[in-house]
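Chains as they are written, first to last, in the working numbering: chain A, 1 to 282; chain B, 1 to 603; chain C, 1 to 164; chain D, 1 to 682.
These aren't lab readings, by the way, just hints derived from the structure by calculation.
It is possible that some hints are incorrect.
Rough simulated footprint, nothing fancy, chain A against chain C, three-plus residues with beta-carbon under 8 angstroms [what the hints assert, rightly or not]:
{"#": "1", "segment": "25-39"}
{"#": "2", "segment": "53-66"}
Just a sample of chain C residues kept apart from chain A, beta carbon distances all over 12 angstroms, derived [as the list claims (entries may be wrong)]:
{"#": "3", "residue": "His18"}
{"#": "4", "residue": "Arg42"}
{"#": "5", "residue": "Leu43"}
{"#": "6", "residue": "Pro44"}
{"#": "7", "residue": "Pro46"}
{"#": "8", "residue": "His93"}
{"#": "9", "residue": "Glu125"}
Quick reminder that beta carbons are idealized off the backbone N, C-alpha and C, glycines included.
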Amino acid sequence: MLDTVRKIAKGLLGQGTMDGVLGLAVGDGGVSPRLFEDPGDLGSLSLASKWPLAKIAVTVLGQCPDAYRLAVVCRGCDERALIELGKRNRIDTRRLHVIGVACSGEQAERCLCQQPWPSRVDAGVRAQGADLSGNDQVRQYLDSDRGVRLEKWREAFSRCIKCYGCRNACPVCNCSPCRLEDGLWVNRGEIAPDMFSFHLTRAMHVADACVACGACQDACPVGIPLMLLQLPMRAELHRSYQYEAGTESERHSPLLSNYIDEPAGGISIPDWTDSLRKNHGS
Amino acid sequence: MKHTDPVDCILCRCHGEIDGVVDFGQLQKQLEDDSRLRSVSVGNALCLDGELESLAECAGGRRPGKVLIGACSFLARGDALIAGLENCGISRDRVFVADIREGCAWLHADRPGKATRKATDIVRMGMTALRHREVSADVNITVQPRVLVIGGGPAGMAAAVAAGRAGVAVDLVETSGQLGGMLNRLSRVAPGDRSAEAILTPLLEAIQAIPMIRVHTGTRVSEIRGSAGDFDVSLASKTGSARLSAGAVIVATGAKPVLPNGQYRYGQLSGVISGMELEKILKVDRSVGGNTVFIQCADVRNSKRPYCSAICCPAALKNAIRLKEIDPGAEVTIVHRDIMTPGHRLEADYRRATAAGGCFIRFSPENPPRIEGDNRVTGIRVTDILAGRERHLKADRVVLGTAVEPRIKTDRDDPVMTAIGLAADTHGFYRVQPFLHTVETDAAGVFVCGTARWPVMVDGAMAQGKAAAAKAMDLVAHPVRKASRLIGFQAVRFACARVSPTTCSGCGNCAAVCPYNACGLEKTEHGLRAAVNPVRCMGCGSCTAACPNGSISLPELGATAMVRMIENAFTAGNLTVSNALNGVADRSAPGCRDRRNGGVVNQ
Amino acid sequence: MTVHSDPGIVQNRRDSEHGPKILVFACRWCAGIGADGAGRQRLPLPADFRVIAVECASRIDPDTVLKSFSEGVDGVAILGCHLDGCRYNRANHATAKRMALLSTLLESVGIGADRLLTSFGTAHEGHQFADLMRRFYERLQGMPQQCRFETDPQAVSGGGVDHA
Amino acid sequence: MGPEFVKTVCPYCGSGCGLILMVRDGKVVGTYPDRFHPVSRGALCIKGWTAKEFIHHPDRLTAPLLKSGGRFKEISWDEAIGHMNERFDRTIAQYGAQAVGGLCSARCTNEENYLFQKLIRLGFGSNNVDHCARLCHGPTVAAMGRALGSGAMTNSIADFDGTECILAIGSNAAETFPVPMGELYRARERGARLIVVDPRTTEMAKNADSHLPLRPGTDIPLLNGMMSHILKCGLADQEYIDRRTEGFDQLVAYLKGWSPERAAEICGVAPDLIRQTAEIYARSRSAMVLFCMGITQHVCGTSNVFAVCDLALLCGHVGKDHSGICPLRGQCNVQGACDMGGLPAVLPGYQQVADIQKRNRFEAQWGAALPQTPGQTVTAAMAANDRQIRSVYVMGENPVMSDPNRSHTIEFLKNLDFLVVQDIFHTDTTRLADLVLPAACFAEKDGTFTNTERRVQLLRKAVDPPGQALDDYTILCRVARARGLDFTYADPSEVMDEIASLAPLYGGIRYGRLGSEGLQWPCPDYDHPGTPVLHREQFSRGQALFVVPEYSPPKEMPDERYPLVLITGRMFCHYHTGTMTRRSPFLDRETDRPFVEVHPRDASCRGICNGDAIRVTTRRGAIVTAARVTDRVGEGMIFASFHFSEAPADALTNDALDPISNVPEFKACAAEIVREAACPDH
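Please model the complete structure; the sequences and the hints are all you need to start from.
What follows is the structure, given as structure tokens:
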């Protein structure tokens with residue numbers, strides 16, 4: 001799998017179709033991201049376990065001259081994140097080339113990923129998506145009844161040390177300045193920030209752009225299951241509007257259009273006009 | 001306007017209506033403790049002339065600050081109070097009316113203690129809203145003294161004539177080769193039996209007589225840019241294209257009759273014709289004989305088109321009378337679900353039709369009439385609800401009363417109109433402002449009339465044309481207009497969105513969500529940034545909700561004002577906020593917000 | 001008609017016990033008129049809700065709702081115009097979608113989606129507004145209260161401070 | 001053409017998290033966590049994420065500055081080194097070698113600290129070398145050195161995950177040691193019990209299973225109470241005690257006089273809570289004790305550490321997987337600075353100066369005689385202030401802000417004949433210096449840091465230092481060569497080879513072997529894999545020693561004039577004297593004003609509201625700061641952080657020293673607060 005990727009990268013750099021390939025490299029300091037620019041040192045290219053490169057690609061392109069064309073060794077979630085960034089004009093997808101790598105089965109299990117492969121798989125074989133029913137964190141945090149869920153989530157959020165790692169690692173989250181740090185919405189100078197105005201606000205901001213790559217959960221030092229915040233909302237977006245973040249590059253988020261002009265063929269105005277009548281379950 | 005400007009508070013007793021429930025002593029004490037209010041004064045009835053002004057004078061006598069009025073609701077007397085202060089020099093932006101009558105005293109008459117606490121909170125929320133309020137930018141628009149009328153039907157012509165007579169230059173654009181629209185295809189015009197020419201010719205002569213009207217037939221509007229007061233219109237026709245500017249646009253593009261394909265074996269049997277085909281026959285061939293059956297509500301008032309087209313019944317009556325005149329011996333029957341003939345003249349047509357021998361049969365939509373005949377129609381079988389039995393009619397000809405449907409189905413099909421912010425309702429007809437604004441649309445400076453707005457008879461269409469012309473002239477009459485006063489349904493626009501380019505990341509959420517296409521992305525030296533068209537923006541705030549970091553905001557109710565209002569909502573009554581649900585660190589953050597000490601909050 | 005309330009009679013249980021706190025974001029056209037109408041018809045309502053008037057329900061974003069909950073509010077109501085009657089050309093559709101998504105998040109975290117009431121076009125008139133508020137009030141009554149009124153200001157003598 | 005990625009170690013706390021810097025055109029433009037780092041595992045704290053913000057700050061020192069007539073003027077490196085050596089030679093000639101002192105830094109690399117103490121000992125012939133371990137884990141080095149044979153953390157950070165009980169005494173790890181806090185929470189997720197002993201209700205205390213809010217400075221009574229209960233219930237691990245410890249009988253005799261009730265009177269914790277905690281700790285199969293400044297920064301700091309060691313040894317929770325004693329080092333290389341001999345009485349590798357064989361080995365290797373008598377500690381010298389020390393060389397330290405009794409420190413530094421300070425920014429200390437040398441920060445040098453779990457990790461140079469600034473390694477080599485010493489090294493890796501040849505703990509450590517995960521000393525020879533857990537079979541000193549902990553209350557108890565106890569410490573978004581964090585815009589925006597936490601009852605009876613300006617006074621000085629009314633502090637207690645030079649907490653702290661380790665009592669002194677002005681209305 002590794003040498004096919006290396007061969008593709010060598011081809012792209014050799015013929016000059018791409019100015020650089022962003023991937024992981026094994027060096028004396030272990031594995032770290034690296035921008036390969038001459039085909040010679042592709043020897044150190046490595047496909048170690050998952051390292052989300054989408055956010056790094058944005059910063060790299062931001063630092064390079066405008067005409068720079070970048071190939072990125074993408075797993076499924078990287079590619080989906082780049083598509084979402086293209087929709088929000090953060091990145092010029094024309095300058096990007098995806099070298100698709102499919103994730104292994106247990107990597108998909110670890111990330112609770114339903115589609116562990118990019119649209120074009122150059123290396124690796126498509127593994128079966130993770131089934132959430134077995135996962136005990138999902139059972140505790142999402143499927144138990146309301147009082148237990150609240151207790152679990154509040155206890156998890158009270159561990160937060162406000163390192164902003166979840167926001168810094170998220171590929172689709174790059175406002176500057178960010179609303180979580182302006183002192184109006186979230187109190188400054190105290191940790192265990194308030195659950196609503198920090199965690200749930202961040203979750204809502206990326207709700208329609210989240211590609212479920214798990215970078216936020218991996219970057220959380222105190223192990224808050226941040227992915228489980230996004231899964232119900234992604235499911236709701238899929239159920240109501242058949243919208244999946246990062247799959248169709250032309251279709252904008254359904255939250256930005258009204259019910260009639262909804263690109264997916266228009267959905268009739270929902271019958272409920274008063275949410276009290278809607279049954280929310282216990 | 002800075003948030004440190006002094007605020008003077010004036011409370012109104014409303015002759016016991018408010019202070020009968022709210023304990024003004026307690027309210028005044030709480031407000032006087034608050035360091036953010038310069039003075040607190042109480043009046044008996046502020047709406048009686050003189051009292052508010054005198055209180056405002058003595059309060060604002062020193063440096064003019066802002067005035068916070070605790071009285072009745074905006075809809076009751078609030079607006080009048082603001083207008084009163086505006087007369088004596090305090091502008092609208094410096095005044096806030098906190099509703100402690102309808103919103104508090106009258107709602108909670110049986111709970112005086114809590115009503116007092118609620119009144120304190122309402123006034124305090126008003127104060128924070130006033131302190132953090134800023135003023136939106138307002139632009140002056142130079143208005144082009146020209147009106148563009150799209151569509152040369154009766155509505156468009158009437159609008160053109162009305163505007164032209166008033167001395168306004170008009171461009172009348174018609175896609176077909178000649179003016180007249182639907183009139184050219186009608187023999188007679190309901191109600192009454194005036195011939196189409198009788199209406200059409202005076203209109204055409206009037207248009208000829210007015211030099212200010214320029215007619216462009218066989219021309220299509222290819223693109224409209226700009227906004228109210230300064231539309232840049234480009235026309236396309238066989239002979240080439242042209243560009244012209246216009247201050248207002250009147251849309252009179254009419255609607256297209258529905259071809260009842262698949263209904264009552266139309267298209268399979270000859271002799272089953274639509275209403276428009278009958279008009280064509282009557283217009284040319286005077287001698288039309290034989291038994292005729294009119295079937296009304298063909299492919300309309302159903303789930304696909306849940307509306308009544310208002311034209312088919314009068315047309316059917318008019319044609320029935322005409323057929324009876326031509327061949328009194330013929331049997332003319334109108335098979336209908338309901339006959340819609342509002343007004344005395346249509347009622348008179350109905351009576352003349354029955355007098356002339358036409359008979360009416362009512363069927364229920366569940367089992368509609370069935371057409372008999374193999375290649376030519378011979379008769380129809382229909383169950384008459386009133387008689388309760390099925391009737392068999394001989395017919396040489398069956399006329400289907402078809403509906404009128406909009407030219408476009410949804411906004412996206414009509415890029416020209418969407419570009420200027422015109423929207424269609426769920427049925428596809430152009431959408432006008434709800435509540436009493438018949439011809440104004442969501443887009444400032446764009447008006448709509450005739451069947452493009454909703455199926456209507458010719459006289460109704462012409463009346464709407466004149467109304468649209470009047471509205472257009474109202475806009476075009478002033479050479480310079482303030483953008484904030486362009487909106488139909490408000491005296492002054494609430495706000496105009498403002499972008500802070502340094503913090504905007506150019507994600508385009510606001511441009512996608514704006515209902516008026518007033519917000520777009522433009523290239524600046526540090527990349528794509530949002531930009532607001534100050535004329536089109538209506539101040540609804542959709543963009544502020546879509547913007548993740550608040551780069552675009554409504555100055556009148558910005559993020560700071562909203563958050564401070566939320567914080568002050570439940571401060572009276574010494575609320576502690578280490579709450580069960582939130583359960584996180586209590587509210588003793590280093591900032592100055594601590595509601596433990598008697599609710600003194602500093603924002 | 002002035003309402004002179006005799007403090008003795010009226011100062012009963014309803015005035016002292018603390019119901020759930022509700023923050024209402026009312027669009028100035030439909031719900032605003034409804035709230036105003038309820039006042040004019042003197043419909044008695046629990047006094048634990050505050051109304052913030054906005055131009056259109058589309059001005060309310062999830063951050064505002066979540067900030068309200070973080071300030072210790074028990075329920076948030078967003079009252080806008082009918083989904084096809086919005087004065088600002090269907091601006092309230094985006095809010096309807098966002099709040100549906102937010103209620104999914106609130107439910108999955110265990111706060112409960114029924115703490116967020118979104119009503120489009122059902123609060124035009126006074127009685128509708130009052131009925132909606134009462135139903136929302138009863139729904140919240142059965143749920144754990146977010147925060148406690150520690151003491152009534154009158155009861156606290158001098159500048160003394162209560163504490164959590 | 002595109003940016004490069006450089007792997008290095010975070011410059012702030014002792015966790016030693018892996019950091020990746022993205023560099024473009026000589027500028028650091030991005031920070032990313034190292035996903036495969038053994039400690040941080042792809043996470044960083046708020047300071048780690050923003051570590052790049054101070055690197056290119058305009059305030060960076062770019063040229064050597066010589067003070068003449070009260071003003072600094074730029075001079076060249078040769079002039080500076082010449083002037084420096086000449087002034088030191090004049091002091092040695094006039095007052096002897098003992099009049100020269102040096103302060104090395106817990107934020108410089110191992111190689112730089114090694115060369116610094118070699119220069120002071122070899123170049124100037126004085127043992128007066130010290131660094132800020134004197135203000136933090138001095139007692140740990142002394143006490144654990146004597147009780148177990150090594151002053152370092154016995155287990156690794158990863159060991160927390162899997163233990164059954166975590167006893168955290170005097171540590172606010174959630175704010176000051178954020179990333180490893182994740183290990184504690186993972187352990188709790190798996191059922192471990194987290195017990196926090198801290199006067200304040202810190203974040204960790206809120207999330208703990210039980211919190212013992214004791215009065216400041218009463219740790220020994222509490223521990224004695226627990227130990228006496230464990231002995232009474234026979235929960236002690238007698239087999240472990242017999243096999244691996246000595247001096248148990250003196251401890252038993254001493255503990256006879258103690259009981260949970262007696263302990264409760266002194267420390268204010270309910271007796272049955274003490275009993276319950278003791279039982280949980282003793283009964284669990286594996287348990288980790290972690291402690292920090294709350295234990296060490298007291299007059300009885302060393303005894304406190306002895307008490308902690310005795311408790312752990314009593315229950316046999318040392319030298320096993322998931323069981324150990326873990327002092328959390330506060331700085332990125334304070335462990336390394338101690339290892340490198342940056343202490344007056346110790347040569348590199350904790351080899352005593354007084355030990356002749358050890359000294360001879362160094363003299364043979366270095367080729368010159370070394371001073372015999374151990375030097376003076378910095379706190380003792382400042383307390384004495386008897387002008388025994390005339391000129392001082394400070395590298396990467398800010399004693400004016402960090403040492404207690406600020407006016408005393410300033411007076412000591414002003415009385416010096418010559419003071420040279422080497423730092424990356426101007427600080428309160430550089431302003432008093434005669435000569436200021438511009439140094440390089442963590443991203444501008446190669447070298448190694450040793451984190452709190454004894455893991456030696458490699459730093460890699462990402463960008464060049466600004467202007468004429470040089471990294472400390474180069475400066476020290478040039479100063480030494482100017483004095484005629486043979487400091488010729490091609491690069492820092494050769495210095496590490498020399499260290500390995502001299503210090504047995506670092507015997508097998510070479511740059512080539514550090515790779516991505518580093519090595520945990522002791523690593524005696526080339527192919528030794530490093531030691532995650534110390535004292536497995538045998539203690540470094542053979543048998544562990546029970547030492548009787550004498551309890552002495554804080555030097556300054558509250559009285560009617562100063563009724564409140566002042567505790568100082570750190571908060572989550574600033575680091576020590578704020579030199580770096582207050583110049584990082586993101587962190588400064590998080591908290592840009594000093595504050596003091598006050599209990600609501602203390603605040604209300606003084607009419608203080610949240611946010612009001614208050615004046616905090618002690619016997620040594622006064623500051624004006626903002627009040628933060630919260631019940632994070634107990635009643636009768638206030639907490640101030642020491643990052644803010646506009647309200648320096650060290651102007652208030654008491655410079656009473658722990659008799660054995662000379663560490664000042666930062667955690668308890670008597671103070672009073674008065675309302676100054678209402679909260680600014682914004």
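Taking the hints in turn, this is what the structure says about them:
1. 25-39: violated (count 0)
2. 53-66: With 3 residues close enough to chain A, the hint holds.
3. His18: Non-interface label stands for His18(C): nearest chain A Cβ at 21 angstroms, farther than 12 angstroms.
4. Arg42: holds (24 angstroms)
5. Leu43: The claim holds: Leu43(C) sits with its nearest Cβ about 18 angstroms from chain A, beyond 12 angstroms.
6. Pro44: holds (20 angstroms)
7. Pro46: holds (16 angstroms)
8. His93: The claim breaks: His93(C) does not keep its Cβ more than 12 angstroms from every Cβ of chain A (closest is about 4 angstroms).
9. Glu125: Holds: least Cβ distance 14 angstroms, greater than 12 angstroms.
In this structure, the earlier hints numbered 1 and 8 are contradicted, and the remaining ones agree with it.
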